[in-house]
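Number of protein chains: 2
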Amino acid sequence: MRRLGVRVPSLAPIFLLSAQRVCKLPLDELEIRVLKFVQENQLIPHGSRVLVALSGGVDSVCLLHILLNIKSKLQIKLLAAHLNHMIRPSAIHDEKFVIQLCKNLGVELYIERADVPKFCRENKIGIEEGARTLRYNFLEKVRKESSSDLIALAHNLNDLGETILHRIVRGTGLTGLVCMKPKDGVKVRPLLYISRSEIEDYARRKKLNYVEDESNYDVRYTRNFIRHRVLPILKEINPDLESSLKQLHFAANLLEKHLLKLIEKSRLIQFQDRVIFYINDLDEFEIVELLKYCTEKFNEPLNYRQIESISRLLSKSSFSVCVADKLWIKKGFQFISIERERNKISFVKLDDFKEYNFNGWIFKLSDRIESENYIALDKNKNFIRSRRPGDKIGKIKIKDLMINSRIPEFLRDEYPIICDDDKIVWIPYVYKCQVREVSGIFLSLIFDPYGCILKMSGLERRKRFERQ
Amino acid sequence: MRRLGVRVPSLAPIFLLSAQRVCKLPLDELEIRVLKFVQENQLIPHGSRVLVALSGGVDSVCLLHILLNIKSKLQIKLLAAHLNHMIRPSAIHDEKFVIQLCKNLGVELYIERADVPKFCRENKIGIEEGARTLRYNFLEKVRKESSSDLIALAHNLNDLGETILHRIVRGTGLTGLVCMKPKDGVKVRPLLYISRSEIEDYARRKKLNYVEDESNYDVRYTRNFIRHRVLPILKEINPDLESSLKQLHFAANLLEKHLLKLIEKSRLIQFQDRVIFYINDLDEFEIVELLKYCTEKFNEPLNYRQIESISRLLSKSSFSVCVADKLWIKKGFQFISIERERNKISFVKLDDFKEYNFNGWIFKLSDRIESENYIALDKNKNFIRSRRPGDKIGKIKIKDLMINSRIPEFLRDEYPIICDDDKIVWIPYVYKCQVREVSGIFLSLIFDPYGCILKMSGLERRKRFERQ
Chain A
1 MRRLGVRVPS
11 LAPIFLLSAQ
21 RVCKLPLDEL
31 EIRVLKFVQE
41 NQLIPHGSRV
51 LVALSGGVDS
61 VCLLHILLNI
71 KSKLQIKLLA
81 AHLNHMIRPS
91 AIHDEKFVIQ
101 LCKNLGVELY
111 IERADVPKFC
121 RENKIGIEEG
131 ARTLRYNFLE
141 KVRKESSSDL
151 IALAHNLNDL
161 GETILHRIVR
171 GTGLTGLVCM
181 KPKDGVKVRP
191 LLYISRSEIE
201 DYARRKKLNY
211 VEDESNYDVR
221 YTRNFIRHRV
231 LPILKEINPD
241 LESSLKQLHF
251 AANLLEKHLL
261 KLIEKSRLIQ
271 FQDRVIFYIN
281 DLDEFEIVEL
291 LKYCTEKFNE
301 PLNYRQIESI
311 SRLLSKSSFS
321 VCVADKLWIK
331 KGFQFISIER
341 ERNKISFVKL
351 DDFKEYNFNG
361 WIFKLSDRIE
371 SENYIALDKN
381 KNFIRSRRPG
391 DKIGKIKIKD
401 LMINSRIPEF
411 LRDEYPIICD
421 DDKIVWIPYV
431 YKCQVREVSG
441 IFLSLIFDPY
451 GCILKMSGLE
461 RRKRFERQ
Chain B
1 MRRLGVRVPS
11 LAPIFLLSAQ
21 RVCKLPLDEL
31 EIRVLKFVQE
41 NQLIPHGSRV
51 LVALSGGVDS
61 VCLLHILLNI
71 KSKLQIKLLA
81 AHLNHMIRPS
91 AIHDEKFVIQ
101 LCKNLGVELY
111 IERADVPKFC
121 RENKIGIEEG
131 ARTLRYNFLE
141 KVRKESSSDL
151 IALAHNLNDL
161 GETILHRIVR
171 GTGLTGLVCM
181 KPKDGVKVRP
191 LLYISRSEIE
201 DYARRKKLNY
211 VEDESNYDVR
221 YTRNFIRHRV
231 LPILKEINPD
241 LESSLKQLHF
251 AANLLEKHLL
261 KLIEKSRLIQ
271 FQDRVIFYIN
281 DLDEFEIVEL
291 LKYCTEKFNE
301 PLNYRQIESI
311 SRLLSKSSFS
321 VCVADKLWIK
331 KGFQFISIER
341 ERNKISFVKL
351 DDFKEYNFNG
361 WIFKLSDRIE
371 SENYIALDKN
381 KNFIRSRRPG
391 DKIGKIKIKD
401 LMINSRIPEF
411 LRDEYPIICD
421 DDKIVWIPYV
431 YKCQVREVSG
441 IFLSLIFDPY
451 GCILKMSGLE
461 RRKRFERQ
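Protein chains in written order, with the numbering used here: chain A, 1 to 468; chain B, 1 to 468.
Chain A extracted, bound-state conformation (with noise of 0.2 Å):
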């Protein structure tokens, strides 16, 4: 958490009454369409501490008060937070107004001061990017601090058919429509299929008091521009515009999942600064989902021209383009490996009986047998290398003995090639030679990395022969 700004008055909640109000009222209907959408999305379980996030606007006021009315039938506890911007001179009398508001309904409200401006300022964000930062943050560490479950975000249909809108103008593929789920994380949206005039409707009817957001009329904020330009104009041509981008979302979410189970079940194989999987079977958008999780998860997620450029790369049997700093893609026969540039070890001298480390293939000297994988070697001078131009084996190439047991060109050059004095005895998976054993002196691959790689492409191979 970055400068959080002055702290006013205290973390501590600021109310603490034994017992909070309880509605007898029958419910309203838009109380019982959220307590539904709860249940039926199982967004808060029985029992939750729940922080909901009040600004003080309609909204959140709306989602406070409908989650009072429903927090005995969902058996939950609620407690508030509310982060003063600083951002406009009203922002002080918005805080009054909360503090009040939490000491009538007798809900404990956690409460902060962050100068906003002067974050952004400070790193150079825009102001709607610097508040939500501030506000995220804080609303975490009261989470924490108070031991809730799961924070209330008073996001409606209105909110996510913007947030939609601002990703497709900006771009963005459809995954990245998937935005503002229902349940993320700890994070809750009761309200999100409700429309901005439901929640309008509510207050009126239940005559409830708040502030108006006034960031909510400025244009320079993108958000609001959406609002408030783009979104009537959109409307002349379908009023219910709100419904088809919840239909776009609701899609994505569908799509989101079905990328989850692809990933799960696509088999990654993860081995230090490099991810590899196995294309046999996958079509262009499976490749494609699962090169853009595992750039995301090296921080450095493909953009769209990327994307488009590797895909027409697809139909070669081989390639290997930079895609970020020091990250690389590879195509080899049937993987793809998606990994950072390292040092690679080129050159280990066997001289005692311990482990070797040969670029992540762990071989063990011993005077006895240690795997099933092993070989004998005279007592001489023995190490482990890395291929070198030229290299041959009789009047065979090295490059022609890994291409025909199929070890894909992004693994050869850090491929472990063991050597008694000049000559080469042993190649894992490729080629050993024939010793006999009487020196007593064993070398065991004990670690092979990429072994299920090799046996897949093996398994690829035969099937090949096979239906030739």
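What the hints contain is simulated information worked out from the structure, not anything from laboratory work. Mixed in with the good hints, there may be bad ones.
One copy or two, it doesn't matter: identical chains are merged, so the pair holds either way.
[Said to hold, decoys possible] Listed below are the simulated DSS-like cross-link pairs for lysine-lysine, each with C-alpha atoms no more than 25 Å apart in a straight line:
# : residue 1 : residue 2
1 : K257      : K330
2 : K292      : K261
3 : K292      : K181
4 : K316      : K257
Dock chain B against the given chain A, drawing on the hints supplied.
Just chain B now, with coordinates in the frame of chain A:
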């Protein structure tokens, strides 16, 4: 084809010049881009006859010029077709312009007039939709009569963006974002990823004349409303809006290919007015996509609300919903059936040696055994009937026997029950009574529309038991 209006002068090509103009100049940069796009996406095979849809506007005039200049590289033959929409008074001027243009360029031109306003009044559709319908009907007719292979359309990146945005605003799922494909059956769009301004620049460089499409400035048409009112505002947020929409289009195209593969893999079982698929390993997204595909095949595409409510039902072990006139979606065990309501056979008397059809199941009564699935009958009153309330064999309900054999609910009412007088002797895959084979009368099951399902279902059951 409906009411194509007056045909002037005739469908026969106006110009049949032996030599088309061959351009010897080096290719323009835009021509090179289009050539590359056509080649990379394999839009137009060598030797094709390509009919260019020529309105006379800047897009189609440039398309014709570009294709003329790259036609020797592509080894194609070009023709053109122009439909006079008769919407505006200037239409006749456009027609004259196009005739003169093709004369100058030596391109065969097919021309026709259609009274679009009249067609729209008569069919109660919008002018935009009516013009499109008549235009495509005309182009397809000319394509066939001129023995052309492909129709080249001049849609550009802006058209693509406008269409996507229009669909988003009206409401669409993800695959709805796949509109205007580079190649779509016999239609090809060589300019699809070229922006309107790039096309206008080309026209300026090449000093090309073209007519102004006045309807472009009429914001009554939704397309033009989007072009002139919506896009300029969205471009205030992102000046490169078309690229964003192209990105979404690209992603949706990949997804569509993925879905085609899914449909291929899902092995839909189609019999009469029913499609069944096995949902065992499918996720919600895949099931929803298959449902969308199947209901479209029945010409009753699901709308968003239906999809949403069905996706809520999917977790239930069985359900049955009517989604359109007499069209039902039913789930039983691990199967989903999409079916049209139809009259079911409930009783068939077996009195001659011949074949009997009972709701698609074909039985043969004979003095020989005709398949491995058979029963011997007594010389008595034999018949096949459907189940009746309270049906039992001994003390066991038929319903329980069927459940035990994992016959999906949706098949049970039409399932054949073979009776000998009043005694149930055979329910295929469910029950067979021991009968002495003395009479020499055999009933053999020779075609079984759902056998593969019952076998899959049994397989699943065995797996479940093994797990227990």
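Legend entry - Alpha-carbon proximity between K292 and K181, which holds within one copy, between copies, both or neither at 25 Å: both (20 Å within a copy, 24 Å between copies)
Inset, instruction - Up to 25 Å between alpha-carbons, please classify K316 paired with K257: within, between, both or neither. - result: This pair counts as between: shortest inter-copy Cα distance 19 Å, intra-copy 30 Å.
Legend entry - Intra/inter-copy verdict for K292 and K261 if alpha-carbon distance must be at most 25 Å: Cα proximity of K292 and K261: in one copy and across copies (15 Å, 21 Å).
Inset, instruction - If the cutoff is 25 Å on CA atoms, where do K257 and K330 land: within, between, both or neither? Let me know, please. - result: between (27 Å within a copy, 23 Å between copies)
Going through the hint list in order, the structure satisfies each hint without exception.
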